[in-house]
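K.L.:
On the provided structure of chain A, position chain B as indicated by the hints.
2 protein chains.
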Amino acid sequence: MLFSRALLTTVKEAPADAANASHLLLTRAGFIRRVGAGMYDFLPLGLRVLHKITRIVREEMDRSGALEVLMPALLPAEYYKESGRWDGFGDTLFRLKDRKGSDLHLGPTHEEIVTDIARREIRSYRDMPKNLYQIQTKFRDEPRPRGGLLRTREFLMKDAYSFDTTEQAALASFERMRVAYCRIFDRLGLMYRMVAADSGAMGGSMSAEFQALVESGEDAIVACDTCDYAANVEIATVQSSPSAQDIALEPTQRVHTPGQGTIDEVTAFLGIAPAQMPKSLLYVGEHGEIVMVVVRGDHAVNEVLLARALGVAEVSLATEADVKKATGAAVGFAGPTTFQGRIVVDRAASHVRNGVVGGNETDYHITGVNYGRDFTGDIVDVRLAATGDPCSRCEGGKLASYRGIEAGHIFVLGTHYSTKMGAMFSDERQESHPIWMGCYGIGVSRLVATVIEQHHDDNGMRWPNAIAPYDVYIVTVGKDAPVLEAARKLHDALEERGIEVLWDDRDERPGVKFKDADLIGIPWRVTLGAKALATGNVELKARSEPDPKKVELIPVASAVETLRARIRA
Amino acid sequence: MLFSRALLTTVKEAPADAANASHLLLTRAGFIRRVGAGMYDFLPLGLRVLHKITRIVREEMDRSGALEVLMPALLPAEYYKESGRWDGFGDTLFRLKDRKGSDLHLGPTHEEIVTDIARREIRSYRDMPKNLYQIQTKFRDEPRPRGGLLRTREFLMKDAYSFDTTEQAALASFERMRVAYCRIFDRLGLMYRMVAADSGAMGGSMSAEFQALVESGEDAIVACDTCDYAANVEIATVQSSPSAQDIALEPTQRVHTPGQGTIDEVTAFLGIAPAQMPKSLLYVGEHGEIVMVVVRGDHAVNEVLLARALGVAEVSLATEADVKKATGAAVGFAGPTTFQGRIVVDRAASHVRNGVVGGNETDYHITGVNYGRDFTGDIVDVRLAATGDPCSRCEGGKLASYRGIEAGHIFVLGTHYSTKMGAMFSDERQESHPIWMGCYGIGVSRLVATVIEQHHDDNGMRWPNAIAPYDVYIVTVGKDAPVLEAARKLHDALEERGIEVLWDDRDERPGVKFKDADLIGIPWRVTLGAKALATGNVELKARSEPDPKKVELIPVASAVETLRARIRA
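Chains A and B, in that order, give the protein sequences. First residue of the first sequence? That's 1 in the working numbering, and the numbers climb one at a time after it. First residue of the second sequence? That's 1 in the working numbering, and the numbers climb one at a time after it.
With the rest of the complex left out, here is chain A:
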């Protein structure tokens, strides 16, 4: 392919909203163009990468024994109404009406539709295990599309759904997908970690994420430095056993703390450590109930764990007005000792001796407060895990924090959808049972960006061989006929051998071409100039080689074979 024919316009300006390397570089290199908020064109080079990733995903799904299908993206409302997600999905669901006024929506994920296939096509235990997958455009009205391809409103997804007769068989399907996902992410050259995760709107019972480790990633992960525990911080638990405490309990005392409403203010004012100050936060559950949550002053609340502890789907902080109404005091002075309502206490907060809490009276706190004696409440694990926290799974392990981008997510769904929608099978004795389901997602278009978040430097992208838009980038220096002739021969010889090549045939200075070669990030660059060619040589440089001067002279006569060997290495 000639650069001049490739619809390839590199640009110097960064997109105004680019906060990520991949967004910046994919745009500057002409791989993608923004059409609207969270909507992108894939230009030819970007689409080549997307297709290569798609092919790897498809190959590994096929290898796992899954069967490819294709469900509609535009769906009648009836299926989501059947499962309860027509309302449950909230504003993220793109809803519309057709010309007859019927409710339709765009598919954000396809559990209902595939369950409908299952209830029609799967009848007997003999029909399972089955795994149906599709590679399809999905639509979600994200509240904040951002990061270029990292969070879009339209994206390419691989979603797979397994169907089994028993929980044990469902776990075997889950394991097959785990293996397939590892193979996929390995082939893409990703550094990743599988972590325990929240199942969110999927309604599952077991769930793991494949997190690509990236400093700018939006997901926080903790992993133990000793055992193999790793989890999205949303659901990570930490060990909160009491340290041996031989401390005499003091009496409580009401102290005047005028205008000292934050942890920082109170601890500074009273000269104590934040760990000494159980803080009381008021939350509203789904049904409007106000709950006081007590965590240590140096800890944060994990709202996912809190919601689980309260048995609701979501919690939110109470408004200032609600706080005043519930405590009789300004925000900053709530406390458990005299609170009239439900209290939940994080295990670590319950271990604090002679702590300081709000007095439910503006400008007053209480000191010498101890759980059990001065207040009570349900003990739960709701603190947000952080670096240095003790691992909840092993003795002595400490948690370390990472940031990641969710590259894949696998769930055991159980019989939630099959029960709701009547996807039943007959067992050996002709008895009817709901099918055990699992679901497995990979954001395929997001991977284009995720790979670049891990594979780039200051000069541009560095595509792994397996998914590079082209294998070789030819730079011709000058316009001498022998140079152009040699380039054309090399270009054609490479194409004949199935090696994909982009020839920068533009009438530009070598410096401009080298800069664009680095930006576009094709793994191998071959430079043809009159001087080296006179001795029968061309210059070879790997994009992964950081030193721009470190080029290798190779004979033009064997260049095809040399490149072939390097690409396959």
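If you are wondering where the hints come from, they were derived from the structure by calculation, not from laboratory data. There's no promise every hint is true.
A pair holds if it fits inside one copy or across any two, identical chains being indistinguishable in the list.
Restricting the straight-line Cα-Cα distance to at most 25 Å, the calculated cross-link-like pairs of lysine-lysine (PhoX-like) are [stated by the list, open to error]: (1) K531 to K550; (2) K479 to K549; (3) K97 to K81; (4) K81 to K100.
P.N.:
Same frame as chain A, but now just chain B:
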């Protein structure tokens, strides 16, 4: 692939709404399942066919030099507002709002979006010619989705857009696409004809359809039996030269025709031929103007040609009330002699001598009416072409009628979109001009059904080799271990050679398997039974062989090579 693993459920019942062979057979054979009106799941076998068709389309587009891109399916309204199609597309556009209330729509076609790419990426005459294509899911809120995959609300489309500096260059791009389309449809084994067509909502200046010839097709086509003129009947013109007429003009006369309001009634009542009776129809144009259209009683009005003649996008018949108001008479008695308003007269009707027309008075007609003397109006060509009509392009040719399914459509768009949206280029003298565009569509998912409309018999589908879901269908008779062992060996050997094979391993009678083999329509069937195997043979039958008893005994030892040769033939 084993039948038992393939998610393949053949069903005996036809879908309630199946009016087409492809709808019936694709559903019965488990290739597709209905999800909603005009929305279908592709099950594994159907998707295999769709993928093979997609690959052929992609290969031929790439071979033509077009570049593949991928634009969003979900689009902000701004682009269609810029072109005027936000309103112009009518109810067929799926419109929706996002969580912020912004207008969005689903892409029915992508002229605006690709023009936006062009105005950003194409700057100079040196950047052209370019042809950008995508293979993408499209959405149209069809008034009447029908025919299974033939007319759906979501479908896979290949849409390509060419960009050129001049009209001549645009015509060269059009020609390249014509060649590519012929190659595609040839490879798919379609019988088709390229015909002149209306450019409809695309706003183009030159347009041709590739019509797959199918008796049940929804498009009517006429083609000359002498020259190569062929056109969609929507825009087909016929020759209407006056036959030599040496007939004396009679005086007009008002005649009482009580209750005789139709052509049949009046001609029977007066004992004249329908060709002798110019009929007057009242139409309403876009701006509400009532126009009288006079065509011969044995001719029909072509509303596409009429709209063009009137310079409006659409016309519709006037209501009964409008007719009464405009003529002062009941429906059936309108006529041009005393009509107060615009009259257009089809050329053939203007040649009628001493004709009979309505009197604009209930129960009265006028006889002896002649164009020029008794009424006047703009002479236009607006009659619907029909079998036997004289060709408008050659001397002596007669039109024959066909029915077809539109398989592809190619347009020269001109500079309509580039002018509206400012997609300009600089020529050699740095002067700025709008880019010449063309657009080229193939309904990829519709082709799955179109092929079957041409390739089926009473027993099921007959897939051409190039797009069959599998190459070979193995039937094992009985469950004898040597038979199953031989089948497994053959199955594995075929797969190793890259031959796709579906083994019907079900515990069913041979008759059931043969019936399903015919229904599914894989090109080659190999039957393994104990008796033939004892002599080292298996049975081979082509799906295209109509006689069910005409099977061939071939040695199992060379079965792989035999099949390989047949598939490649």
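K.L.:
Please work out whether the CA atoms of K81 and K100 approach to 25 Å or closer within one copy, between two copies, in both situations, or in neither?
P.N.:
This pair counts as both: shortest intra-copy Cα distance 18 Å, inter-copy 24 Å.
K.L.:
Within a copy, between copies, both or neither: which one fits K531 and K550 at a CA-CA cutoff of 25 Å?
P.N.:
Close inside one copy (17 Å), not across copies (71 Å); limit 25 Å.
K.L.:
Classify it for me, K97 with K81: is the Cα-Cα distance of at most 25 Å met within a copy, between copies, both or neither?
P.N.:
both (15 Å within a copy, 20 Å between copies)
K.L.:
Checking an output row: K479 and K549, CA cutoff 25 Å. Within, between, both or neither?
P.N.:
Only inside one copy: K479 and K549 sit 23 Å apart there, 69 Å across copies, limit 25 Å.
When the structure is compared with the earlier hints, no violation turns up for any of them.
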